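Colleague: All chains, full assembly: derive it from the sequences and hints.
Chains A and B, in that order, give the protein sequences. Heads up, the first sequence is in this note's numbering, so the first residue is 2 and it goes up one at a time. Heads up, the second sequence is in this note's numbering, so the first residue is 2 and it goes up one at a time.
Just so you know, these hints were derived from the structure itself, not from any lab. Hints may contain errors.
Said to hold, decoys possible - For lysine-lysine, the following DSBU-like pairs were computed, each having C-alpha atoms within a straight-line distance of at most 30 Å:
| # | chain 1 | residue 1 | chain 2 | residue 2 |
| --- | --- | --- | --- | --- |
| 1 | B | Lys13 | A | Lys31 |
| 2 | B | Lys13 | A | Lys229 |
| 3 | B | Lys102 | A | Lys31 |
| 4 | A | Lys20 | B | Lys102 |
| 5 | A | Lys330 | B | Lys13 |
Keep in mind it's a predicted model, so treat the numbers as computed, not measured.
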Amino acid sequence: MATIAAHTGNLEDVPLRLKLRRVERRQKLKAFILVLPLLLFVLTTFVLPIGRMMFNAVHDNTLLKLMPRTMRALDAWDGSDLPGEAVYAALAGDLKESSAQRTASVIGKRINYELPGSLSEVISSARKVSKLSDGPYREALIETSPLWGQHGVWSLLKRGTSAYTGYYLLRSVDYQYSPDSRIVASPPENAIFRDVFLRTLGISIAVSVVTLLLGFPVAYLLATLPRKSSNLLMILVVLPFWTSVLVRTTAWVVLLQQHGVVNDTLMALHVISQPAELIYNRIGTIVAMSHIQLPVTLLPIYSVMKTISPIYVRAARSLGAGPFYAFWKVYFPQTLPGIAAGCLLTFILCLGYYITPALVGGPADQMVSSFVAHYTNEELNWGMASALGAILLTATLLLYYFFNKLVGVDRIKMG
Amino acid sequence: MAASAYASPMEKTWYCLHRMLCAMVLLFLIAPIFVVVPLSFNSVPFFTYPLPRLSLRWYQDFFLTVRWQGALYNSIFVAVSVTLLSTVLGTLAALGLSRPKFPWRTAVMTVLISPIIVPIVITAVGMYFFYADVGLLNSYAGLVLAHTTLATPFVVITVLATLTGFDHSLTRAAAGLGATPVTAFLKVTLPLILPGMISGSLFAFLTSFDEVVVTLFVAGAEQRTLPKVMFSGIREEISPTIIAAATILTLFSIVVLTTIELLRWRSERLRGIRNT
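Modeller: Shown next as structure tokens:
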């Protein structure tokens, strides 16, 4: 009885509720369809390629693809001593095929990453092996190249039986595999990446501090001046902000050159007698980057200062605080959200700098991005490029997450 | 704050120091542009003052050399294509996102604006690998698609900003009076969001016109854009023609962004957000 009552009680509004829900669902769908083209576009041309790059950092099936016989034969190898004749025969088969397919250099390059100097060995032994008609291959191979008698190369090949490798990520933080597949610190000549990351952090922190020190007083001036004059001065801040980074970097190249405007002026004023080294070093990098980032730090501080009412400082003064005490204890703490937003934004953007250090920095001022570009375009070592890129990207996204929690992405404004 | 008449000498000193510091910082900000631009009118290929004589020979070089002409043409062609594509995609997306009760709004928004968050080299490398696979490397299509990805977030953000405070009862009224959705969009929504769309498309144009890193990675010798030619020029040896090109880029940015600013100001005034 009760259920019937409930049922009949709802009989009138169930269709309406359903109808409403259906309409709402259709509305949602319509809204979603409008967004869909762009969403699909961004997913295919942006998210997917970057995801693939991240995947490349841990995925490498070169050996698995190009040396299938050896990889299969190595499955049975326990890794303690040199493998047996069967594995060597498989290797000879793979090398013969690679010689015919002209893929020996690809194999050699992959082995060369971990065992420097083995590229030519692999190519030459592939050429020699293709002339061998039949076994036993073990002695013959070791004779063509002592490389195949090393335990290290077999551990490497054994690691290659998995399509996933930690090698590139380990290299990015200056670790590598030892001949017996343990993780050890890279030798000093290879251990450059920790320096690169520290340098990137150092330059980013330095630029954030410089822009804060330069930007804070100007933001204060702009926030406290009467509207008319502050608008006029604001143009001086916004105009450089609107100019492209490449143009501003070009300007610094011209200014800081050995016979550029800055050196000429300083020499004409007899401040220095010899042209100073201002470009292709850390000074040039920090100056140019600070110039480019200054508006980015300044504008959030300014917009927070705009909202601070002057009555607090006045109240502090009337209660007997000195001007500096009032500023430091009452005004300054209120600007902290702006300082945090501006500095964090500048810091995050600095981490990814590429063009400016490339043009005004020296070899010792190149940041992570330059190495990503270098490995992509010059070394053609895509695994390394991906691993370094993956670390940089992860750091950036984590910082953005904090930035978003702290400030809110919605508050980023353009212009 | 102005120094009051009864400030202590110490305060007055600080006030002067602060003013001087600000003057220096503002000079630091603006000087590079204003010092370098006149050098493009130098009659001799040196970057020093005083200029012996003014001349337009570097601009002549810029506009008449095949290398620069081709680059300018490429830049304009790519930027115009990018503008059209990203304005359409971005406006549609902004219209969808502005609807009330949009599902997973934050997540979708994060994905859509992620191209302006990710470091540019990472984007460039990712696209380079991807394009190498699908055969878009060294093609105009690839370059336009890459720039569109970078430019569209600006269109989405600008058009969304115009749509905040958009009165949805206007379209409902149009529909109630018998307009089809298309008519309602063309006659009611479009005129209202047009300033935002124009601003967004100008941002898109400028993004593509100024972009260099992704171009360096995915464009071939045939798709040399203005920034790409400038970049390689600076790496080799900086010439006054590069300064002339930089001056033209700067002029362009200033004109475009002033237009955007005026449009925004006008639109806000029309919608009564700002009452000046």
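Colleague: All hints are to be evaluated individually against the structure, with a verdict given for each.
Modeller: Here's how the hints hold up against the structure:
1. B:Lys13 to A:Lys31: Distance of about 64 Å is beyond 30 Å: violated.
2. B:Lys13 to A:Lys229: holds, 23 Å
3. B:Lys102 to A:Lys31: holds, 11 Å
4. A:Lys20 to B:Lys102: holds, 17 Å
5. A:Lys330 to B:Lys13: holds, 20 Å
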